Amino acid sequence: MKLAFSTLGVPGLPVPEVLTLAAAHGYDGVELRAHPEEPVHTGLSPARRAETAAQFAAAGVEVLAVAGYARVAAPGDDAPVLDEIRALLRLAHDL
4 MKLAFSTLGV
14 PGLPVPEVLT
24 LAAAHGYDGV
34 ELRAHPEEPV
44 HTGLSPARRA
54 ETAAQFAAAG
64 VEVLAVAGYA
74 RVAAPGDDAP
84 VLDEIRALLR
94 LAHDL
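Just so we're aligned, residue 4 is where the sequence shown starts under the numbering used here, counting upward by one.
Keep in mind the hints are simulated off the structure, nothing from the lab.
These numbers were taken from a predicted model, which means no experiment stands behind them.
Misleading hints may appear alongside valid ones.
Unchecked claim - Cβ-Cβ distance ranges computed for the label pairs, FRET-style:
#1 H28 with R74: 18 to 26 Å
#2 T23 with G79: 35 to 43 Å
#3 R93 with T23: 34 to 42 Å
#4 A76 with A26: 36 to 44 Å
#5 A56 with K5: 14 to 22 Å
#6 M4 with R89: 28 to 36 Å
#7 D80 with F8: 34 to 42 Å
#8 A7 with D81: 27 to 35 Å
#9 A90 with G29: 27 to 35 Å
Said to hold, decoys possible - Taking lysine to any residue pairs in the SDA-like style, the calculated list, with each CA pair at most 20 Å apart, reads:
#10 K5 with V64
#11 K5 with G63
#12 K5 with G29
#13 K5 with A60
#14 K5 with E65
#15 K5 with Y30
#16 K5 with V66
#17 K5 with A62
#18 K5 with V69
#19 K5 with L22
#20 K5 with A68
#21 K5 with E34
#22 K5 with A61
#23 K5 with E54
#24 K5 with P39
#25 K5 with D31
#26 K5 with E40
#27 K5 with L24
#28 K5 with A26
#29 K5 with T23
#30 K5 with F59
#31 K5 with P49
Note that the Cβ used here is the ideal one computed from N, Cα and C, for glycine as well.
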């Protein structure tokens, strides 16, 4: 059985510390909370995304999911919501 945790439980923890925590407790993967106030978010540059992916690979910890905050059921225009979902999908792909 593989074990994982979400960074929702460790708000603002830098990626290296997330990886240290995962390795120290035998976790195989992490769900990353993607929010502008977090180390991982849709505004990361391509270089930073590649660096983050490399950090996970080097630690042997898998990015299992990216948890975003697209307001899918919010009233109003869907275009910004769809843009946010696309940005989250690109982020997940890059990681």
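Each hint, compared with the structure:
no., hint, in the structure
1, H28 with R74: 18 to 26 Å, "violated, 33 Å"
2, T23 with G79: 35 to 43 Å, "holds, 41 Å"
3, R93 with T23: 34 to 42 Å, "violated, 27 Å"
4, A76 with A26: 36 to 44 Å, "holds, 37 Å"
5, A56 with K5: 14 to 22 Å, "holds, 19 Å"
6, M4 with R89: 28 to 36 Å, "holds, 33 Å"
7, D80 with F8: 34 to 42 Å, "holds, 35 Å"
8, A7 with D81: 27 to 35 Å, "holds, 31 Å"
9, A90 with G29: 27 to 35 Å, "holds, 32 Å"
10, K5 with V64, "holds, 11 Å"
11, K5 with G63, "holds, 13 Å"
12, K5 with G29, "holds, 9 Å"
13, K5 with A60, "holds, 16 Å"
14, K5 with E65, "holds, 11 Å"
15, K5 with Y30, "holds, 7 Å"
16, K5 with V66, "holds, 13 Å"
17, K5 with A62, "holds, 15 Å"
18, K5 with V69, "holds, 18 Å"
19, K5 with L22, "holds, 16 Å"
20, K5 with A68, "holds, 14 Å"
21, K5 with E34, "holds, 13 Å"
22, K5 with A61, "holds, 18 Å"
23, K5 with E54, "violated, 25 Å"
24, K5 with P39, "violated, 29 Å"
25, K5 with D31, "holds, 6 Å"
26, K5 with E40, "violated, 28 Å"
27, K5 with L24, "holds, 15 Å"
28, K5 with A26, "holds, 13 Å"
29, K5 with T23, "holds, 17 Å"
30, K5 with F59, "holds, 16 Å"
31, K5 with P49, "violated, 29 Å"
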